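J.: Chains as they are written, first to last, in the numbering used here: chain A, 20 to 500; chain B, 20 to 500.
By construction, these hints were calculated from the structure, which means they are not laboratory data.
If you're wondering where the values come from, they're calculated on a predicted model, not measured in any experiment.
Be a bit skeptical, because a hint or two may be false.
In this list, chains with the same sequence are indistinguishable; a pair is considered to hold if it fits within one copy or across any two.
Listed next, the in silico DSS-like pairs over lysine-lysine satisfying Cα-Cα at most 25 Å (straight line) [claimed, not checked]: (1) K82 - K50; (2) K146 - K395; (3) K428 - K50; (4) K50 - K267; (5) K185 - K267.
Number of protein chains: 2
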Amino acid sequence: MNAAGQVKGSLSGLFNARSIAVVGASPRRDKPGNHVIRHAKAMDFDGQIYPVNPTQKTIEGIKCYPDIMSIPGRLDLIVLIVGADECVRMAREIARRRDEKGDVAGIVVVSGGFSEGGSAEGEEKEKAMLEPLQARGIRLIGPNCLGIIDQYSGVNTTFDVPPYNKGGVSVVSQSGALAASFLTWAKDMEQIGISKFFTVGNMADVDVNEAVEFLGEDENTRVIALYVEGIRQGRRFVEAAKKVSQRKPVVAYKSGRTSFGSGAVRSHTGAVAGNDRIYDGAFRQAGVIRAATIAEFFYTVCAMGKQPLPRGNRVCVLTVVGGPGTICIDALLATGVVEMACLSDGTKGHLKEILAPTAVVGEPHGYVDLTGSVTKEKHEEIVRTILADEGVDGIIYLNTPPPFLGDEKLVESILKGYNSFSEEDRKPLLCVLTFGSNVAGLRLLFERGGIPTMEFPDIAAAVMANMIRYSEWRNTHKTFK
Amino acid sequence: MNAAGQVKGSLSGLFNARSIAVVGASPRRDKPGNHVIRHAKAMDFDGQIYPVNPTQKTIEGIKCYPDIMSIPGRLDLIVLIVGADECVRMAREIARRRDEKGDVAGIVVVSGGFSEGGSAEGEEKEKAMLEPLQARGIRLIGPNCLGIIDQYSGVNTTFDVPPYNKGGVSVVSQSGALAASFLTWAKDMEQIGISKFFTVGNMADVDVNEAVEFLGEDENTRVIALYVEGIRQGRRFVEAAKKVSQRKPVVAYKSGRTSFGSGAVRSHTGAVAGNDRIYDGAFRQAGVIRAATIAEFFYTVCAMGKQPLPRGNRVCVLTVVGGPGTICIDALLATGVVEMACLSDGTKGHLKEILAPTAVVGEPHGYVDLTGSVTKEKHEEIVRTILADEGVDGIIYLNTPPPFLGDEKLVESILKGYNSFSEEDRKPLLCVLTFGSNVAGLRLLFERGGIPTMEFPDIAAAVMANMIRYSEWRNTHKTFK
Numbered sequence: 020m021n022a023a024g025q026v027k028g029s030l031s032g033l034f035n036a037r038s039i040a041v042v043g044a045s046p047r048r049d050k051p052g053n054h055v056i057r058h059a060k061a062m063d064f065d066g067q068i069y070p071v072n073p074t075q076k077t078i079e080g081i082k083c084y085p086d087i088m089s090i091p092g093r094l095d096l097i098v099l100i101v102g103a104d105e106c107v108r109m110a111r112e113i114a115r116r117r118d119e120k121g122d123v124a125g126i127v128v129v130s131g132g133f134s135e136g137g138s139a140e141g142e143e144k145e146k147a148m149l150e151p152l153q154a155r156g157i158r159l160i161g162p163n164c165l166g167i168i169d170q171y172s173g174v175n176t177t178f179d180v181p182p183y184n185k186g187g188v189s190v191v192s193q194s195g196a197l198a199a200s201f202l203t204w205a206k207d208m209e210q211i212g213i214s215k216f217f218t219v220g221n222m223a224d225v226d227v228n229e230a231v232e233f234l235g236e237d238e239n240t241r242v243i244a245l246y247v248e249g250i251r252q253g254r255r256f257v258e259a260a261k262k263v264s265q266r267k268p269v270v271a272y273k274s275g276r277t278s279f280g281s282g283a284v285r286s287h288t289g290a291v292a293g294n295d296r297i298y299d300g301a302f303r304q305a306g307v308i309r310a311a312t313i314a315e316f317f318y319t320v321c322a323m324g325k326q327p328l329p330r331g332n333r334v335c336v337l338t339v340v341g342g343p344g345t346i347c348i349d350a351l352l353a354t355g356v357v358e359m360a361c362l363s364d365g366t367k368g369h370l371k372e373i374l375a376p377t378a379v380v381g382e383p384h385g386y387v388d389l390t391g392s393v394t395k396e397k398h399e400e401i402v403r404t405i406l407a408d409e410g411v412d413g414i415i416y417l418n419t420p421p422p423f424l425g426d427e428k429l430v431e432s433i434l435k436g437y438n439s440f441s442e443e444d445r446k447p448l449l450c451v452l453t454f455g456s457n458v459a460g461l462r463l464l465f466e467r468g469g470i471p472t473m474e475f476p477d478i479a480a481a482v483m484a485n486m487i488r489y490s491e492w493r494n495t496h497k498t499f500k
Numbered sequence: 020m021n022a023a024g025q026v027k028g029s030l031s032g033l034f035n036a037r038s039i040a041v042v043g044a045s046p047r048r049d050k051p052g053n054h055v056i057r058h059a060k061a062m063d064f065d066g067q068i069y070p071v072n073p074t075q076k077t078i079e080g081i082k083c084y085p086d087i088m089s090i091p092g093r094l095d096l097i098v099l100i101v102g103a104d105e106c107v108r109m110a111r112e113i114a115r116r117r118d119e120k121g122d123v124a125g126i127v128v129v130s131g132g133f134s135e136g137g138s139a140e141g142e143e144k145e146k147a148m149l150e151p152l153q154a155r156g157i158r159l160i161g162p163n164c165l166g167i168i169d170q171y172s173g174v175n176t177t178f179d180v181p182p183y184n185k186g187g188v189s190v191v192s193q194s195g196a197l198a199a200s201f202l203t204w205a206k207d208m209e210q211i212g213i214s215k216f217f218t219v220g221n222m223a224d225v226d227v228n229e230a231v232e233f234l235g236e237d238e239n240t241r242v243i244a245l246y247v248e249g250i251r252q253g254r255r256f257v258e259a260a261k262k263v264s265q266r267k268p269v270v271a272y273k274s275g276r277t278s279f280g281s282g283a284v285r286s287h288t289g290a291v292a293g294n295d296r297i298y299d300g301a302f303r304q305a306g307v308i309r310a311a312t313i314a315e316f317f318y319t320v321c322a323m324g325k326q327p328l329p330r331g332n333r334v335c336v337l338t339v340v341g342g343p344g345t346i347c348i349d350a351l352l353a354t355g356v357v358e359m360a361c362l363s364d365g366t367k368g369h370l371k372e373i374l375a376p377t378a379v380v381g382e383p384h385g386y387v388d389l390t391g392s393v394t395k396e397k398h399e400e401i402v403r404t405i406l407a408d409e410g411v412d413g414i415i416y417l418n419t420p421p422p423f424l425g426d427e428k429l430v431e432s433i434l435k436g437y438n439s440f441s442e443e444d445r446k447p448l449l450c451v452l453t454f455g456s457n458v459a460g461l462r463l464l465f466e467r468g469g470i471p472t473m474e475f476p477d478i479a480a481a482v483m484a485n486m487i488r489y490s491e492w493r494n495t496h497k498t499f500k
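Okay, chain A solo, but in the shape it has when bound (with noise of 0.2 Å):
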């Protein structure tokens, strides 16, 4: 029940929705009102789909329907790209059609024009929108959001991501432009698949605790991306976020850190943005990693959607060149976290016969320079050595990589030292490469291996940090069932 003593329906009536209208659907192909129909159209979804237009018969080969209570069967969710106003109407309308046929789960309202401009008015036609809708236990993500998607159920409400590869992760953001940008520089190499992608805009309804609370009974999400300005009942979302902690890992990033930052949130979606150090406290209780930058960011949750946790803090850097090694363990050692890894006799001395005269092992601790005389078909001795070394925790392995090595039989030879480990003992291993598109083919070779790759070795550094943070909170916060 909500404050309001009304029972909440549940999200997942939403993100396995069976049929969606579509409210604003639009013939013209270059309205949002048309991408939301192509979008839902093209996802692996073998519900019914309605686009509502009085003035159209079809859109995009799909028979058109005049308004919302002319729909026939069960419609369970109902997207709305229309003015303000009409927003509001609609609700009313919405409602009338749940007293009528019991329906609809729910309904995402894209459109802007509400509490998010700061306004009396804007606040006052949100309320009006929300209160028949809440009297029902109709849910509502946003308004002024981009909607949600279901890799698994097909469900798709968005105007500006098309279907994505399905995955272990799970995106919540107060941003639509964030977290569909978030997806996009994901999308050439394969960095992540998705598992639901959840914009909650406004939160008039549905807020970044729920969704969290949500998406950690999700069986498919193996790690959820958060992006927030402003998290409301903060004690309720340190509760959920730490259960949520305990089974998987939360990587946020919070903007609004600063006073301006704040203004601009609060014109942003209406969110207030609160003491950032409350929310550092906050993270940190509730075993949430926060990241520094949008990159750290979004490298962290596509090593932690592919990678298993490293259990203790002791890493290699295993390099084919020594610049980018340099600034790894510098950028390692400068986390407060991390310590390098103190190789075994018996691993230096296996190394030492196998590579090059020239090549470094172990000096600095953890740091094996392979240099540039290493051939491909050692690598899968190399890692498997390293990986197989009680001492280690964790591997960054860094190449350019010299044009003279197969792309192929390369990271072939490295899956096969790694994968020679069960599931149970693998230890991570992150993969920087600095060329470029030189190395685009390569990066998805690993990629597709389960490999995470990074074009910069201080991000590879702050990843691993974060894993081990991450890990770290997890072993002191062990689940008791």
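Starting from the known structure of chain A, arrange chain B on it as the hints suggest.
T.: Same frame as chain A, but now just chain B:
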């Protein structure tokens, strides 16, 4: 004259070489000694290339010579890609050639196996190689380096870097891999053009100080990107860099900050990393902008290569998307050097007239959120209006962009607004486009129009802050001639 009393040859003899010999040239296309020949050949170079290999008649269609002495005519530059011992022998042969024919301005030693290994033996070899050259004023770049490129003269001694766009960026690096990566990162989006590329390796002879001094005098160099692990003769560096900084920006990334990192530096190029705080102070004194991350290093150089410096620290964030806009403001203010611009009443009034009612203008200060409703045609007037405001020193423009704006028209409109100012009245404009490869075409259009683009909003903030820091330093360190 150098310490030993010999006259040092000028570096311009190497960068403006009219004839290049490659000792260790190989017919096998998977060998570095082959790539050097192909890259040299592919350049816009109308001098002579001489592969040296006693077992071949031609390599890549070019006549081969059995040794250095047999090369006819004047020989300016020699590249060595052979074993360390062979390099020592070659140095003596090069000295003999100099004594007999009076030519050879300098050599580039790609080979490793010298002081970087930390062994007395390696150091001995490096000395033995240098001695006969130094006695004759023949300059040595390296050993253990990638070599040099001059896009204007057409010299290219690298096995890793094919011909590149001409431009105003010069790179000096103790890591060949990082320097080469720098160029590949920037290639697809045409983010930079190159004047000189200068990897110094172990710095047996030519060091970072001399490289920076040399590029300070290079008319084609507009900004210097400097990657250093350790600098010898710190006082000389400060003096040299300070003189250069008064004319053009030097952007630096320094690794080996931590004691472990220093250990890796030792084994990489044999340099001593030194106390990091001393470097911090030296950079500040010399007006060198020190980047905190590799991404910041890269994008700061890109932006400074294309854009004018801001005259003050008052920045306007102009966005179509609230989330990334908020992140950007936040990151700007966290730098401690930026103020948000206070737009004049005239500017605000005019923007409100032409923008949609949902737009946010100047709340908070310096923040303009166009919201999705802006049309591409309006961008010209928006950009012109804000740039004309005397309270604004620079703009960061952010767009996702919505799929409903045409790329060409959008960029055309923004560039029209930007280019309506004369060159001396221009202010920096940075552009954040957060939609991954979906906006690759759009980014390229901006970059070709001279507007630097980035993927992440917080990186743009760090770059703008660096431009402001340098501008402030330069204003207080005017050149007195």
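J.: Hint by hint, say whether it matches the structure.
T.: Status of the hints after comparison with the structure:
1. K82 - K50: within (18 Å within a copy, 63 Å between copies)
2. K146 - K395: neither (63 Å within a copy, 33 Å between copies)
3. K428 - K50: between (47 Å within a copy, 17 Å between copies)
4. K50 - K267: neither (38 Å within a copy, 47 Å between copies)
5. K185 - K267: Within. Shortest intra-copy distance 18 Å satisfies the 25 Å Cα cut-off; inter-copy 49 Å does not.
Violation of the numbered hints given earlier is confined to hints 2, 4; the remaining hints are satisfied by the structure.
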